[in-house]
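A.B. asks: Here is what each chain is made of, one letter per residue.
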Amino acid sequence: MLMLEKRPQPSRIWTWATPPLAVLVTMIAGGALFAALGKDPVEAIATIFWKPLFGEFAFYYRPQLLIKAAPLILIATGLSLGFRAGVWNIGAEGQYILGALTGAGVGLALYPLDSAVVFPLMVIAGALGGWAWAMVPALLKVRFGTNEILVSLMLVYVAEQLLAAMALGPMRNPDGHGFPGSRNLRDYPSAHNAEIIEGTGMHWGVAAAVIAVTAAYVLLSRHILGFQIRLAGQAPRAARFSGVRPGRLVVVCLGTSGALAGLAGLFEVAGPAGQVSIDFNVGYGFTAIIVAFLGRLHPVGIALAGLLMALTYIGGEMAQSTLGLPAAAIQLFQGMLLFFLLAVDLLTNYRIRFRKKEAA
Amino acid sequence: MKLTQLLTSAALALGLATTAVAQDKTKVGFIYVGPIGDGGWTYEHDKGRLAIEEQFGDAVETVYQESVPEGADAERAITQMALQGADLIFTTSFGFMEATLAVAKKFPDVKFEHATGYKTLPNVSTYSARFYEGRAVQGLIAGRMTQSNIIGYIASYPIPEVIRGINSAYLHARKVNPDVEFKIIWAYTWFDPAKEADAAQALIEQGADVILQHTDSTAPQAAAEKAGNVITFGQASDMAEYKPLPRVSSIIDNWAPYYIDRTQAVIDGTWESQQVWHGIGKGMVKIGEITDAVPADVKAEALALKEAIASGEYHPFTGPINRQDGSAWLAEGEIADDGTLLGMDFYVEGISGQIPN
Amino acid sequence: MGAIDPALLLAALVVAATPILLAALGELVVERAGVLNLGVEGMMITGAICGFAVAVNTGSPAIGFAAAAGGGAVLALLFALLTQLALANQVASGLALTLFGLGLSSLLGQGYVGIKPPSTPRLDLGPLSDIPFLGRVAFSHDLMVYLALALVAAVWAMLKYTRAGLILRAVGENHDAAHALGYRVVRVRVLAILFGGACAGLGGAYISLIRVPQWTEGMTAGAGWIALALVVFASWKAGRVLLGAWLFGGVTVLQLNLQAAGFAIPVEYLSMSPYLITILVLIIMSADKSRAPGSLGRIFHASQ
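Protein chains in written order, with our numbering: chain A, 549 to 908; chain B, 2 to 358; chain C, -16 to 287.
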C-alpha cells in the first residue's frame, strides 16, 4: 500500500523540481480544458506562458509583468516572515487598502503643493497605515490571545467599507462631476509614483519589492531575528527556551507584513491605479498569500512565484482577447495551477513508499 | 527612446503592417467591466458587439475582454487590444476613463469610445444615454398605477447618473399624482442580488406597491412577484421573463445602433471625436413593451410622453422646478442645461430624505 | 417617516440569514474537526449553479438542492484531497478553491443567464401561519428555512451528545492525541470537509433558487466570506451561529429598512459593524473558556 514517510530534511531536489512539474501538469490539464472549450490547446498555452515573454509585443508585456508582480512580491515577502514564525496574517488585503488610503490621503491633502517631499511623505504614511492596521490583530493577540487569522480577516471587510466611504466622501475628486473616486495622482507630478526609468515598468514599488526580497533573504539567513523566526515556526518550545519572546515576534512579524502591504497599496494607488476608487483593491492581499506558499516562504521563491502569477494574469488576459477564451476559463486554469503547485509540494517533505501492510 | 515613442512607432509599424493584411477587416475591441453573463449592463453592451458582427459579417472582427478591473489592469487590457491592431475600442464603464485616455495618448491612430465619461481627446469620444428620459416614462406609469402612493426606489451609489434618474421619475410621477411619495434605498452596490432582494422587500414592507431600480439584477423583480400586487420595471435589459407582472415595462440600454454607426464611421474614415448623449429619440434608450397589466389610457399617456420626448418636443427637466430646499432651479418653461444635469447632486423639491455624503 | 413592522422585519431577517447560516454551519463542523477551509465562497457559488441548472432541467427544486449539496461536496473533495492527502497548506488551498469555484461556476452557468427557475413553494403550515406576529415571523417560510434550523439543532446535538461529535471534537482539539487513541483523523476530517461543502452548496442554491431567484455570475457576492466570519463570531458553537446569522443578516436588512423608512444613516459605517462586533466577541471570548479548536489549520501526518 502507498505510504507517506516524512523526510528528515525537505528534499533539495524536489524543492526545485516540483514547481516546474506542477506547471507542466497544469499545461496538460489546462490544455484539455481549452480543447474541451473548442480552442487550440497548444496555442492557448503558448499565449499564456510564451507570448507575454517572447511574443511580438514582449517589449510591452515584460514591464507589465513587473508592475503586476511587484505588489504581490512585496506583500508576500512580508507575509512569509510571519508564516514561518507561525503568525498568520491573512488580512493583507485590508492593510493594502489602508496603506493606499493613508498614503493617498497625505498626497490629496497636500494637493497642489509642488515639492519633493510630497511623495516621500506619502510613502511613510502608506507604510504607517498598513502597519497600524496590522497592529490591531497583533496587539489583540499579545494582550488577549485572540486569533490573528480571524481578526486580520475581519479587518479586511472593515477596510473595504472604509474605502467605499472615502471614495464617495472625503476623498472624492471635487472636480469630478460628482462621480466617486479621488483625483488622479498621476496628474499630480509631486505625488506620482512614476517609472524610475521610463519604459521599463520599474516604478518605486518594483524597487521596494527588490529591496524587500533582498532584505528578507539576508534577514533569514544571516540575522538573529531571522533565526528566531525560523525557530519559532519549527520548534516553538525550543524557541522559548532560547529566549525568543513570542509577543515581540508577533508584533514584529505582523507589523512588517502590514507595513509592506501598506507600501504596496500606496505604490499602486499613486502609480498604476492612480486614484482611490470603490473597486481599488483587486485581491492582491489574498493572492499574495498563495504566492507566499507557492514560493515555499523563501524570498527568492516568492519573487519567482510572484512573476509566475503575474504571467498567468497577463497571458490569461491575452488569451481572452486574442482567442476569445472566457474569463472564467482563465480563472479555472489559475485555480488548477495553484492546486497542482500546492499538491506537488508533498514530494518535497515526504517520501512516497510502497509498503506491504503490516500488522500494527 | 521613450516608451511613448516606442509604443507609437510600434503601433505605427503595426498599423502599416495590418493595413496591408487587413485592408478589408476592421477590428473592433470591447472592454467590459463585468462578465457577459451579468444579465444587465455588460450583457447589453455585448449584445451591441454581436449586432456589429451581424451587420458587417466578415468585414469586421470583434474582440472583447470581460471582467476587467478598473485601474492598472484596465490600462493593460486596452493597450493589449490596441497593440493587437484594434482600430476602434469601446471601453464600457465610467471607471475606465483615465485608463482610456492614457492609452489613447500612446495610440493616436486608434479610435476610442468611452462610455459615460466626460473627458475627450482627438481620438477619444464619449457616449452615454439619457436614461432619465426613460425614467420619466417610468415615473408616469408608476404615479398612475400606485394605489398606496408610495413608490420604492433602489438606488446604487449617490452619483449624478442615479440622482438624475430619481429626480426625473419623481417629477413625472408627481405630475400625474400629487400625493405620491418616494422611498429611496441606497444599496451601495451595482450588483448584489441578495441585497437587492432585501431592499425590495424592505420597500414593499414600507407600503411601496411600485419598485423602481437602478441596480442590475432581477432580484427585485422576483421579490415583487412573490409579494404580489407590486409592479416593477426592467433595468438595463428588458427582464422579459417577469412579464406581464410584476414587470410592466422596462428601460433598455440599446447600444447596437451607436456601435454600428461608429464602426461604419471608422470603415469610411469619417470618425471624429465627439461627445454624444443620446436618448429615446436616437434609439439609445428603449422603452420595453408596456404590458396589458397597465390600463389602456395610462399606456397611451405613457407612449405619448415617450413620443414627445423622442421628437424633442418635451424635455423631462422643464421648469418650473425647485430644488429640494425650495430654492428655484428652473424658471417656468426653462430647460435644464446638460452641464447641470451631468453634475446633478441635489434632489428636486418634494423628495424627502438626504443624498448620502 | 414610516414605521417598521417588527414582524415583517424579523421574517425578512430569517430569510436573509438562511444562506449564510447553512454555509456557516458546514464550516463550523469543518473547523471543529481542526480544518480551516477558506473556500466557502467557491463552494457556495458552485452549489448555486449546480442547484440552479439541475432544478431548471428537472423542474424540481428538491432535486436541485440535492445537486447543490453534491456539487459543493465535490468541490470540497478537491480541498480534502489537497489538504488531507497531499498535506498542502489549508489557507492557500482554500483561497485557491474559491478562485477555482468562481471560474467553474461561470463556465457551467453560461447557458443559464436570464432563465427563471421552478419556484419553491412556501410551506403550508395551515393555521400556524395565521397566529398573529409569530405566524408571520416563524411559520411563513419555505422548507429550506426549516431545514436549516433543523440542521442547527442536529449539529448542536451531534457535537454535544453523540460519540461521533466527541470524536470530531477530539480530532479538532488535538489530532495527535486523537490519533494515539486510535481515531482515524484523516477520515474524520475528510467527512467533515465534505459535509461543509454540501452545506455551503445548499446555502448557495438557496440564493440562486429562492432568494433571488436567478443565475448570474458571482451572485453570492461575498456571502461565503461572511459565513467564515460568522463561525468565529459564534465561537464555534452551533446555537450561536444561528444568533450570528440573524445578527449579520439582520444588520443588512435593518439598514435597508431604516433607509426605506426614511432615516438617514451612514450606510458604510453601519456595514462595518458586524465585523467590528465579531472582533469584540473574539476579545471577550479570550477571557472565556471557549476558543478556537486547538488543531485549527494545522497539518496532520501520522508519523509526527
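Derived from the structure by calculation, the hints contain no laboratory data. Keep in mind that the hints are not guaranteed to be accurate.
[Unchecked claim] Computed footprint of chain B on chain A; a stretch qualifies when at least three of its residues, placed anywhere within it, have a C-beta under 8 Å from a C-beta of chain B: (1) 726 to 733; (2) 799 to 808; (3) 862 to 871.
[Said to hold, decoys possible] A few chain A residues that don't get close to chain C, going by computed Cβ distances all over 12 Å: (4) D588; (5) A657; (6) I672; (7) T762.
As the structure is a computational prediction, the values presented were derived from the model and not from experiment. Here a beta-carbon is modelled for each residue, glycine too, at the ideal position from N, C-alpha and C.
A.B. asks: Counting residues of the region 862 to 871 of chain A that have a beta-carbon nearer than 8 Å to any beta-carbon of chain B, does the count reach 3?
C.D. replies: holds (count 6)
A.B. asks: Quick one: see if chain B covers the region 726 to 733 of chain A, three-plus residues with Cβ-Cβ under 8 Å.
C.D. replies: holds (count 5)
A.B. asks: Within the assertion that chain B covers the region 799 to 808 of chain A, do at least three residues meet a Cβ-to-Cβ distance smaller than 8 Å?
C.D. replies: violated (count 0)
A.B. asks: Is it the case that I672/A keeps its Cβ farther than 12 Å from each residue Cβ in chain C?
C.D. replies: Non-interface label on I672/A holds, nearest chain C Cβ at 26 Å vs cutoff 12 Å.
A.B. asks: Find the nearest Cβ of chain C to the Cβ of A657/A and say whether that gap is larger than 12 Å.
C.D. replies: Holds: least Cβ distance 21 Å, greater than 12 Å.
A.B. asks: Any Cβ of chain C at or closer than 12 Å to D588/A, or is the non-interface label fine?
C.D. replies: The assertion about D588/A holds, with a minimum of 18 Å to chain C.
A.B. asks: T762/A: least C-beta distance to chain C exceeds 12 Å?
C.D. replies: At roughly 24 Å from the nearest Cβ of chain C, T762/A sits farther out than 12 Å, so the non-interface label holds.
Violated hints amount to a single one, hint 2; each of the other numbered hints is respected by the structure.
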